[in-house]
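Sequence order for the protein chains is A and B.
So that you can map any letter, position 16 of the first sequence is 16 in our numbering, and since no number is skipped, the others follow by simple counting.
So that you can map any letter, position 28 of the second sequence is 28 in our numbering, and since no number is skipped, the others follow by simple counting.
There's no promise every hint is true.
The list treats identical chains as one, so a pair stands whether inside a single copy or across any two.
For lysine-lysine, the following BS3-like pairs were computed, each having C-alpha atoms within a straight-line distance of at most 30 Å [to be verified]:
{"#": "1", "residue 1": "Lys95", "residue 2": "Lys8"}
{"#": "2", "residue 1": "Lys134", "residue 2": "Lys100"}
{"#": "3", "residue 1": "Lys95", "residue 2": "Lys134"}
{"#": "4", "residue 1": "Lys134", "residue 2": "Lys104"}
Keep in mind the hints are simulated off the structure, nothing from the lab.
Protein chains: 2
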Amino acid sequence: MRGEGRLKFIGVVEESGDVSELDIFPEYCEGLYRLEDFSHIMVFYWLHLRDNQAHRSMVRVVPRRHHGAPEVGVFASRSPSRPNPIGFSVVELLKIESCKLLVKGLDAEDASPIIDIKPYIPRADSVPEARAPKWTLSGPPT
Amino acid sequence: MRGEGRLKFIGVVEESGDVSELDIFPEYCEGLYRLEDFSHIMVFYWLHLRDNQAHRSMVRVVPRRHHGAPEVGVFASRSPSRPNPIGFSVVELLKIESCKLLVKGLDAEDASPIIDIKPYIPRADSVPEARAPKWTLSGPPT
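Next comes chain A alone, as it looks inside the complex (with noise of 0.2 Å):
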């Protein structure tokens, strides 16, 4: 049961920074309606610059971006050094305008491919009382 899956590039980030800017590809931009009835949103994004065999092969990584943290498995972390190279935030959607969004709190680099964007829901994502480790804690929130 080994296989591929293919994805298409739906957009990019035309712009990162503490507000960022998303580009939608014009064929998928008809995707985005009714997206506004939403605070948040989840965008999953291609960690472009982490996809060759070396930063694929990973397997363990020291979470650098957070003081103290030991090393552990890469599914344990959100390190974008990982066998699938996606990108995972939840942000805060701003601004709809045709097809771009101006959403806060993405943490990816500019030019990196949109994979999908889903609607936050909190019944379904939000876990205020999830367990995790102390070394979370510190520095960036992933």
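Dock chain B against the given chain A, drawing on the hints supplied.
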């Protein structure tokens, strides 16, 4: 800046239900090291039954498991029919036994390939006050 990304499957949903069993392939098993420090994880899987041209061409959908939902853009829905058939669930991690994970709350079909696992970090991923439209409150969480 059109393009494609290539995903390698890292495991498979062996049995799904209220409690689901995930099998991680041996070559990725070490990536689970210290994952048990987290009570919840995010499972990214491949919606293999929707991986075809018809389902991947959807741009508008009616979320049919949610009574009263209007037609919305596919990115404003959690529909499994979408340009990139990426499934996403926040689940409770019950047990890790060698390369097998037992989790609670995964809404995946049996035999769905797994493409990534990330730890759930409440500081980054939990937004209890996020606004979502009323139709998201009826039916299953997603």
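Hints versus structure:
Proximity of Lys95 to Lys8 under the C-alpha cut-off of 30 Å is restricted to the intra-copy arrangement: shortest distance 24 Å within a copy versus 34 Å between copies. Proximity of Lys134 and Lys100 under a CA criterion of 30 Å is satisfied inter-copy only: 25 Å between copies versus 37 Å inside one chain copy. Only between protomers do Lys95 and Lys134 lie at most 30 Å apart by alpha-carbon distance; the minimum there is 20 Å, versus 34 Å within a single protomer. For the homomeric pair Lys134 and Lys104, the shortest alpha-carbon distances inside one copy (25 Å) and between copies (24 Å) are both at most 30 Å.
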